[in-house]
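Asker: For the protein sequence lines, the chains are A and B, in the order given.
For the first sequence, this note's numbering assigns the number 1 to the initial residue and increments by one for each residue that follows.
For the second sequence, this note's numbering assigns the number 1 to the initial residue and increments by one for each residue that follows.
What the hints contain is simulated information worked out from the structure, not anything from laboratory work.
Keep in mind that the hints are not guaranteed to be accurate.
Identical copies look the same in the list; a pair holds intra-copy or inter-copy alike.
Within a straight-line C-alpha distance of at most 35 angstroms, the following computed DSBU-like cross-link-like pairs (lysine-lysine) qualify [unchecked claim]:
#1 K114 x K88
#2 K88 x K256
#3 K107 x K209
#4 K15 x K35
#5 K233 x K35
#6 K107 x K256
#7 K233 x K88
#8 K15 x K209
#9 K209 x K119
#10 K180 x K119
#11 K209 x K88
#12 K88 x K104
#13 K233 x K209
#14 K180 x K104
#15 K104 x K233
#16 K15 x K88
#17 K233 x K119
#18 K119 x K88
#19 K107 x K88
Predicted model, so just to flag it, every value in this text is computed and none were measured.
Protein chains: 2
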Amino acid sequence: MLYGHGDNAYQYEQKIKGNFSSNVNFAGPSEALLKHLANFLPNIGKYPEVMAETLSCQLSEYEYINAMVTNGATEAFYLIAQAWTNCKTLIAIPSFAEYESACKVNKHTISFVKHAELKHINFSDYQTVWLCNPNNPDGYIFSNSQIENWLNTYTSTLFVIDEAYIDFVDGMNSATLLIKHHSNIIIIKSLTKKFAIPGLRLGYILSQKTNLDRIEQIRMPWSVNSLAIEAGKFLINNNCIRISTQNKETNALLVKTLTEWSLQ
Amino acid sequence: MLYGHGDNAYQYEQKIKGNFSSNVNFAGPSEALLKHLANFLPNIGKYPEVMAETLSCQLSEYEYINAMVTNGATEAFYLIAQAWTNCKTLIAIPSFAEYESACKVNKHTISFVKHAELKHINFSDYQTVWLCNPNNPDGYIFSNSQIENWLNTYTSTLFVIDEAYIDFVDGMNSATLLIKHHSNIIIIKSLTKKFAIPGLRLGYILSQKTNLDRIEQIRMPWSVNSLAIEAGKFLINNNCIRISTQNKETNALLVKTLTEWSLQ
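All chains, full assembly: derive it from the sequences and hints.
Answerer: Structural data, given as structure tokens:
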């Protein structure tokens, strides 16, 4: 689905006071990051690293598992769908429309299931299962014990789990720790939502090496631009990724702003 | 081919005085462009346009034919190879390795031909033919009359012509004008070489609408980041793309620098 996603204010002529059409940190990008990127700008005269290798290594160290940096989480969805082309796929709905688009482009046979009906599903009928956790748009959360149970029961099914919005749920644990003992899980994360940098395009994939190798076989070089890579390095080197107090501050700012607009 | 392309100085520990491992304008990015992008930086808090529509329209007006902006010319090669997946393909060699990689990933049956042997080829045996014009690495140039002759003779064969380096040949005419009367030609251009902005990733495809529609069907949203889009708009709005005197200035700078290094 190329259109209809939100944050597409450029397609409308009206003046927009507040844009709630996408789920990006309301506080905007940090001044420190913007200043760092401004100083880095002359480096656009060089090619970016072919596979954003240095940042991938840094994220691997941070996450304690193999990481592959992508051109936004969206490139991750399309790469995974292409690496497992032409298979039977189940998508839990309602959710982000790009799972379906990526799988359609890559000739998957797609079925859909509502969250409430998941307990009746025999996942062994599918080669890939796509879940958004926490779910966009309804905030539904799959527990890690539920996910681990599926991984153990359906060892021939690949579970693709999109954790793009995990930073917006205080205290929610990533399923990342499950990767070490399970080859049938891929997790996608995004750095653009929490840090409000969607214009840069920066996401990453976490999985066992065998899955990342399969994806690397089909990907193009230089898909992640130099500024996105540099932003990721800055956020890691300044320990920004671990900060968890931001949600409370952002929520307070949101309530304050809505109150000022008499929209609370 | 993910590695082995050049401009990969980050993989070496030695101090590098001059980097000639990629064919990018020796003068580097312009100060005016860097200043403009520095002012634009706070806008990375918004998503880029889904398909870089505004810049695509501007390039269409500039080129007098339908344009589609891509995440570097490399995304163009992979998209074209995917849109014409699984076909018989001929690649003129020696040339840029990514044509082969893009076609391999998308299951083409690939043949290769040296430039000197092209005159013996029956192109109707192939669904796509890939040419680099002027050719990287040897500077070989196909004339537009030669290309037009092929387009007229082999109407069922799609000619994919990479003009990424055309700006480095003074007085060379693009084959763009042939698109109006031929549906079997796609031209790829790059803005990163002439303007020395490879870190941003910015290229575009020119072809008849039916071919661009076929490519749009399979592409992901937001593949081109906000700064690349803004750079393209700046270069068009400031009429930079039409400037042709730059090669002489750059050549003079190159000779001066090599002389200073006693390497002329």
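Asker: If a hint holds in the structure, say so; if it doesn't, say that too.
Answerer: Against the structure, the hints:
no.	hint	verdict
1	K114 x K88	within (17 angstroms within a copy, 42 angstroms between copies)
2	K88 x K256	neither (47 angstroms within a copy, 61 angstroms between copies)
3	K107 x K209	both (25 angstroms within a copy, 24 angstroms between copies)
4	K15 x K35	both (28 angstroms within a copy, 27 angstroms between copies)
5	K233 x K35	both (14 angstroms within a copy, 23 angstroms between copies)
6	K107 x K256	neither (47 angstroms within a copy, 55 angstroms between copies)
7	K233 x K88	neither (37 angstroms within a copy, 42 angstroms between copies)
8	K15 x K209	between (48 angstroms within a copy, 33 angstroms between copies)
9	K209 x K119	within (30 angstroms within a copy, 46 angstroms between copies)
10	K180 x K119	within (25 angstroms within a copy, 56 angstroms between copies)
11	K209 x K88	both (23 angstroms within a copy, 33 angstroms between copies)
12	K88 x K104	both (11 angstroms within a copy, 24 angstroms between copies)
13	K233 x K209	within (22 angstroms within a copy, 40 angstroms between copies)
14	K180 x K104	both (30 angstroms within a copy, 32 angstroms between copies)
15	K104 x K233	both (34 angstroms within a copy, 32 angstroms between copies)
16	K15 x K88	neither (45 angstroms within a copy, 51 angstroms between copies)
17	K233 x K119	neither (41 angstroms within a copy, 51 angstroms between copies)
18	K119 x K88	within (19 angstroms within a copy, 46 angstroms between copies)
19	K107 x K88	both (9 angstroms within a copy, 20 angstroms between copies)
In this structure, the earlier hints numbered 2, 6, 7, 16 and 17 are contradicted, and the remaining ones agree with it.
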